[in-house]
Amino acid sequence: MSESDEEDIAAFLRGEERGFRRLLERYQEPVLGLLQRMTRDRQAAEDLFQEVFLKVFRQVAGLRDRTRFRVWLFRVAVHQARRFYQRRKELADVDVEGEAIAHTQDAVEQSDLLGRVRSAVDRLPERQREVVVLRAYHGLSYEEIADALDVTAENARANFYQAMKKLKRDFSPETGELP
Amino acid sequence: MSHLDPDHDLLPFAFGELDDAGRERVARHLRECADCERELAALRALAGALPRALEPPAESVVAARRRLDRRLAQGAPAPVLRLGERLWVASAALAAAVLLLMLLRPYVDLSPPALPASLQELDRHAISRFIQDRLPRLPLVKERTGA
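Chains as they are written, first to last, in my numbering: chain A, 1 to 179; chain B, 1 to 147.
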């Protein structure tokens, strides 16, 4: 994956716009998925998506190690999402960690199993949510997560395990929520 | 019978993070412990559901992409080159200019234009006298202060 990222970055910097298009095609869903789970707000995530990829467009030339493009991209997305939390905290003074974010998901979404898993992820504390998305959805290693989030690999692992235990409690076999 | 520890056994096992010896030890326990096997099954089911649950809705991807394409079409900012690349581009431009100058040299007269005959006759002393005669005479500092 890194090899084609490198090739596409090189093509883009040679002036071939299709290099950037290929990067966009490859990462549009992962980035939007990350932003939606981090912000718990679909509209905000779509707004931040613009900012992330415009920033990538402007700044990818400055990326020293192009084999780590994926981690850098997620780092940019995480940074944008954190700025969003901060602005929302300042503007609305809401508890972005807790149950107050019920407005983010459609009622229909809540009714299906995957929607409930999403909601359970949304109730996790910010750091655990970030780690779960990067590990379980994007398959990043703990070292890559550490790099993206500015934490240690051990901290990333501990947060992931904490999050998985909480999620499993919500969906234990006894409750019949998940097979 | 004691059960597997979630942090040290079950979760690392479920996510493929144990070494060979660890995997064998956990697998041996799971063959004999139905409780731990159920715990593992629940974890695996959850891990399997997470990627699907975390995918963004397709219509949201389309909407976000359409907006981005529109912004890029309106004129995206130029990529910012890092210092090394900027220096490289500047050096390449300079080298190209020098090369162009060398190639054009046989065809273009690069010597400074000749002075008109009337100016050629003036030396620098004559020019200096000419200027001094036209400048207003400023009083010296001593004269102004009355010293």
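Any given hint might turn out to be false.
A few chain A residues that don't get close to chain B, going by computed Cβ distances all over 10 Å [as the list claims (entries may be wrong)]: (1) Arg37; (2) Gln50; (3) Arg135; (4) Ala146; (5) Thr152; (6) Met164.
Label-pair restraints from in silico Cβ distances [to be verified]: (7) B:Met102 / A:Arg87: 27 to 37 Å; (8) B:Pro57 / A:Arg14: 52 to 62 Å; (9) A:Ala10 / B:Ala93: 36 to 46 Å; (10) A:Leu114 / B:Ser91: 54 to 64 Å; (11) B:Ala63 / A:Arg169: 29 to 39 Å; (12) A:Arg18 / B:Glu32: 52 to 62 Å; (13) A:Arg18 / B:Val62: 15 to 25 Å; (14) A:Gly62 / B:Ala93: 45 to 55 Å; (15) A:Asn155 / B:Glu32: 25 to 35 Å; (16) A:Asn155 / B:Ser2: 53 to 63 Å.
Think of the hints as simulated: they come from the structure by calculation, not from any bench.
Cβ coordinates follow ideal geometry from the N, Cα and C atoms, glycine included.
Could you check the structure against the hints above and give me the numbers of any it violates, in ascending order?
Of the numbered hints given earlier, those the structure breaks are 1, 2, 3, 6, 7, 8, 9, 14, 16, listed in rising order.
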